[in-house]
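Q: Protein chains in written order, with our numbering: chain U, 1 to 134; chain F, 1 to 134; chain H, 1 to 134; chain B, 1 to 134.
Watch out, some of these pointers could steer you wrong.
One copy or two, either will do: identical chains are not told apart, so a pair holds if it fits within one copy or between any two.
What the hints assert, rightly or not - Restricting the straight-line Cα-Cα distance to at most 35 Å, the calculated cross-link-like pairs of lysine-lysine (DSBU-like) are: (1) 100 - 11; (2) 119 - 100; (3) 119 - 11.
No lab work stands behind these hints, which were simulated from the structure alone.
Residue strings, one per chain:
Protein chains: 4
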Amino acid sequence: MGCRIRESFVKQTFMATLGASLASVEPGEVVIELGYSEALAQQNGFLHAGVTTAVVDSACGYAALSLMPEGSDVLSVEFKVNLMAPAAGSRFRAVGRVVKSGRTLTVCQGEMVALDSGKTVALMTATMIAVARP
Amino acid sequence: MGCRIRESFVKQTFMATLGASLASVEPGEVVIELGYSEALAQQNGFLHAGVTTAVVDSACGYAALSLMPEGSDVLSVEFKVNLMAPAAGSRFRAVGRVVKSGRTLTVCQGEMVALDSGKTVALMTATMIAVARP
Amino acid sequence: MGCRIRESFVKQTFMATLGASLASVEPGEVVIELGYSEALAQQNGFLHAGVTTAVVDSACGYAALSLMPEGSDVLSVEFKVNLMAPAAGSRFRAVGRVVKSGRTLTVCQGEMVALDSGKTVALMTATMIAVARP
Amino acid sequence: MGCRIRESFVKQTFMATLGASLASVEPGEVVIELGYSEALAQQNGFLHAGVTTAVVDSACGYAALSLMPEGSDVLSVEFKVNLMAPAAGSRFRAVGRVVKSGRTLTVCQGEMVALDSGKTVALMTATMIAVARP
């Protein structure tokens, strides 16, 4: 299972652009980690909300894919993100978890934690769809 | 008005990392454009949803800031994104518009259009908050 | 087309409980109207957000159903609502519109307007799914 | 604390219209229960999504109010609901919990459980705002 997720993660060039790496893959739960870089900031020097969203979205998508049948690919249908604290710190962990796994749609919740402070900086609820792998 | 938005945009190093540029700033409406790059892809080669979210979020945030009093900064409280089509193409335009401007909170709607096809690839609704500039 | 929507609307007993009525059914756009009643209030006497959500959700769902094949039923997958002004007034109009019609999923946007003031009191973005009619 | 929440709940006439009652009030967590009634249905006889939203929204709003200073009232800024299973059954429990309590804004998560089956039928993430009591 982890294998196809690791293969897909490598194809997400944007994860490499962000410096994000897959930290763990379990059935229904995926963790991605990310270090701070000056190239990823919003106007006050914190991580841009788009960076946070990108890694939590990938964590949620791969958590969903981990429970889908072989031959599936996963696409994000929609997500909602609450930004609860500035993404301040040197290292961040994004966790995505499946909360409802269906044949077509999977609902996930995810969060981003700033590891220096332990603060949750963002929460996501996402709907993912299983499609045939192209 | 455009001046403080242009100054803030330059501080968003992540916009430069994405290759995004501020295309227009009007009161209540901001446009950001972005070219495709192989470094911004998800697993099928389309723009990653995090890239789309980043530029539409910045467009919405600056649209909100454009109507806020001098000395304000803007932060994203939350947003919701529907991904309606793969972000396929060579060039993209993100538009953010204020739909309700309040003293504390501003509600914006935004979209990302793939300029080659004319397709809307994503819709955002966002809540922004005015804070004192740090 | 309007016929199956009118039949389904009548089965939504909650619409009758709210005193809501179907005002118009066009392909991709449905309007529901509602009068104020003291039985529908939140703590300050305005319409409860759940009332607003209910009628805009039904308007969006039926807008989606209006473009689905015969034999389909529609279910709400998820929605997001921004409450932009107190739902004050004597009469309200909810409009639901399809913004992206797919084979499985349909994306709609809706709003509730207070007819006395002309103010938009709420905006919704919703994802609807087509299922076989039970 | 429970006192002002119970007083406000009684003013929410819509809760009485739904037959909903306040089951418990703790700092940061409020539970509302609801029995099924034929008057609350969507087209297949399950609880309408607007009913579910109404009670989870009230549970989240009062959870937020429970941590706000005396003299505050609470309003919903926005919420997002994922409908994960048909709201089938005879009795339902809505729980609202504060996940981030701020001076102006409070972020809550809520859920509705069908008590017969134990199934979670809906998840909500909501942003609440503290205002001076009118």
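Q: Could you figure out if residue 119 and residue 100 sit no more than 35 Å apart (CA to CA) within one copy, between two copies, both or neither?
A: Both. Shortest intra-copy (26 Å) and inter-copy (11 Å) distances satisfy the 35 Å Cα cut-off.
Q: Within a copy, between copies, both or neither: which one fits residue 100 and residue 11 at a CA-CA cutoff of 35 Å?
A: both (26 Å within a copy, 28 Å between copies)
Q: Is it within, between, both, or neither for residue 119 and residue 11, if the alpha carbons may be no more than 35 Å apart?
A: both (30 Å within a copy, 24 Å between copies)
Comparing the model with each numbered hint stated earlier shows that all of them hold.
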